[in-house]
Amino acid sequence: MFRYTKLTLLREVGLWALALLFLAPFYFLVTTALKPDTELFTTSALAPPTSPDFSNFVDVLTATGNSNVVMGLVNSLIITAGSIVGLIALGSITGYVISRSTRRWSKGAYYLFLIAIILPGQLGAVPLYMGARALGLTGSAWGLIVLYTGMLLPLSIFLYANFFRGLGTDYEEAATIDGASKSQIFSKVVFPMMAPATGTVTIFAGLIVWNDFFTSLIFLGGSANQTLPVAMYYYIGSLVSQWNSIFAIVIVSMIPILALFLFAQKRFIQGFSGGLKG
Amino acid sequence: MTATMQPKSEAAEAPRRGRRTPGAGQNTRSRGRGLEFGHWWWALPGIALVFAIHYVATGIGGFFAFTNWTGIGSFKITGWANFEAIFKDPTKVGALSNTLFLAFGSVLLGNIAGLVIALGLNRVLKTRYILRTLFFMPVVLSPLATAYIWKYIFDFDGPLNAFLTAIGAGDQAKPWLADPQWAIWTVLVVLVWSSTGFAMVIFMAGLAGVPVEVEEAAAIDGANLWQRFRNVILPAIRPAVAIATTLGIVQGLRVFDPIMALTGGGPAGATETLATQVYKQAFALGNFGGGAALALVLAAIILIFAVLQQRLTRSNPED
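Heads up: the sequence lines are chains A and B, in that order.
Sequential numbering from 164 applies to the first sequence in the numbering used here.
Sequential numbering from 62 applies to the second sequence in the numbering used here.
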């Protein structure tokens with residue numbers, strides 16, 4: 164009975180209209196970024212540029228100092244990749260142990276991670292900053308990787324732990340019979356099986372770390388190792404209502420994540436809905 | 062940012078699941094033997110890191126909620142004075158009501174929009190996957206970038222006013238973000254825009270689990286569209302509703318980045334929320350004790366609503 168009827172076509176057309184309206188902000192983003200300074204205030208905000216101009220993008224990519232976008236891009240990549248590696252390594256093994264162990268402490272640890280996700284970050288931010296400074300973790304990409312790993316670890320552990328709950332121990336038993344050691348079982352049998360959970364962790368953690376502004380603003384404060392959002396923030400801070408330049412850097416900052424999303428959109432969306440169903 | 066809270070509902074649900082159905086095979090078999098295929102100390106680095114970064118830091122922060130510490134130097138323990146000050150300060154009480162308004166407003170509108178789109182995309186549509194991708198796009202953008210785009214749209218010389226002028230409603234044009242009455246609605250629009258795609262995806266996953274036969278049977282029995290939605294689809298996607306709303310509420314209560322980039326809490330505190338106030342008190346105004354107290358209040362509110370929400374949406378008979 165669910166056939167493609169005229170009504171379905173109407174629904175499809177309606178949704179396309181809605182989608183175009185919904186994505187109108189992207190139209191303004193692109194058209195404004197392509198306007199040269201002279202057109203910015205003379206043309207209507209709704210109109211596309213009469214003579215599109217890429218000089219705003221050149222300005223953005225050649226900016227130096229605090230707002231060095233290319234540096235920010237590289238730093239963001241390093242920090243995001245490092246945090247993802249840390250979260251996969253620590254999250255998978257911790258999630259595995261606490262979901263497989265039947266000892267009482269493992270349930271306690273589970274709640275420890277559960278509550279950690281709800282605690283608002285601001286409460287611990289100042290003590291954390293002082294601790295990180297004492298340990299020499301501020302101002303460097305390494306420090307931020309450690310911080311992000313710690314901050315997002317409860318999330319990662321949960322995704323892994325919930326994945327294990329639905330998994331029998333047959334493969335582990337078989338590997339034991341074949342004479343594998345405990346660490347071999349984990350690295351050669353268990354870890355490869357967790358690929359879906361690893362995918363979800365990568366997407367969540369990657370998105371959060373890549374887009375995060377507040378943490379890197381505080382913990383990288385003043386150093387040359389700015390991340391992309393911070394570089395964008397400083398760059399925009401020096402502009403007043405120069406929306407063409409502002410939007411050029413906004414576009415540059417969102418291209419990597421948007422490209423990745425469009426490339427792997429199925430995986431992204433499955434990660435989001437799948438990670439939630441547990 | 063949207064993703065930050067994802068596992069929360071899952072978190073809240075998982076241990077309960079574990080308690081109610083303890084015998085999912087291996088649990089019972091290895092009970093008493095602890096961990097069979099690993100070493101317990103493998104979990105130590107993870108536990109230590111979470112303990113230090115979340116509990117020790119938050120604990121210290123929580124302690125300072127009861128002091129008059131400025132962030133540097135010495136301090137005195139002042140008991141509940143910081144909390145009393147919160148409820149006497151109209152800005153902070155305003156921040157509290159703004160926070161609740163934005164959290165509930167964005168959850169309600171974002172979820173309704175997400176559900177409507179998900180229902181629209183459900184089944185037989187030829188381009189449903191392209192449309193799904195398009196509607197989901199705002200979710201992957203950074204809150205900072207999103208806020209800058211909308212800041213321009215709501216700018217006095219921006220597209221919204223240009224549009225109003227173009228359709229002959231130029232007298233309605235106003236500086237939206239600087240208008241104390243309208244500023245909070247602009248924030249709400251931005252929050253809904255960036256969360257709709259997320260709700261949609263959750264609902265689409267939920268809808269995919271509704272068997273076609275049941276829907277067909279209801280249709281053959283003469284149930285109209287609304288009855289089919291109310292009696293067949295809605296009960297089936299209840300878990301999806303629970304997840305999407307809980308995450309939305311928790312996420313909405315913490316809203317920070319978009320507000321800082323859009324309005325900075327202004328004009329005249331009209332869009333101030335608990336999270337922006339915590340930041341301003343603790344980091345900008347050198348009132349760390351007061352900021353910590355406010356953060357504690359925020360934490361308590363988040364906890365209460367997260368638990369409440371779980372209870373409400375999960376109280377179905379077979380649970």
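Hint data in this document are derived by calculation from the structure and do not stem from the laboratory.
Check each hint, because a few of them may be wrong.
[Claimed, not checked] In silico lysine to aspartate or glutamate, EDC-like type, Cα no more than 16 Å apart, as pairs:
no., chain 1, residue 1, chain 2, residue 2
1, B, 235, B, 216
2, B, 187, A, 175
3, A, 351, A, 341
4, B, 341, B, 218
5, B, 235, B, 218
6, A, 345, B, 216
[To be verified] Only part of the chain A face toward chain B is listed, based on derived beta-carbon distances under 8 Å:
no., residue
7, 171
8, 186
9, 405
Backbone N, C-alpha and C fix where the C-beta goes; we use that ideal spot for every residue, glycine too.
Right, here's what the structure says about each hint:
1. As the CA atoms of residue 235 (chain B) and residue 216 (chain B) are separated by approximately 9 Å, the hinted pair is consistent with the 16 Å bound.
2. At most 16 Å may separate the alpha-carbon atoms for a hinted pair to count; residue 187 (chain B) and residue 175 (chain A) meet this at roughly 8 Å.
3. The suggested pairing of residue 351 (chain A) with residue 341 (chain A) holds, with an alpha-carbon distance near 13 Å, which does not exceed 16 Å.
4. Pair hint residue 341 (chain B) plus residue 218 (chain B) does not hold up; C-alpha atoms about 29 Å apart against a cutoff of 16 Å.
5. Taken as a hint, the residue 235 (chain B) and residue 218 (chain B) pair is honoured in the structure, with Cα atoms around 9 Å apart against an allowance of 16 Å.
6. Among the hinted pairs, residue 345 (chain A) with residue 216 (chain B) is inconsistent with the structure: their alpha-carbon atoms are about 61 Å apart, more than 16 Å.
7. With a least beta-carbon distance of about 6 Å to chain B, the hint placing residue 171 (chain A) at the interface is held under the 8 Å criterion.
8. About 6 Å separates the beta-carbon of residue 186 (chain A) from the nearest beta-carbon of chain B, less than 8 Å, and the hint is met.
9. For the restraint placing residue 405 (chain A) at the interface with chain B, the shortest Cβ-Cβ distance is roughly 11 Å, beyond the 8 Å limit, so the hint is violated.
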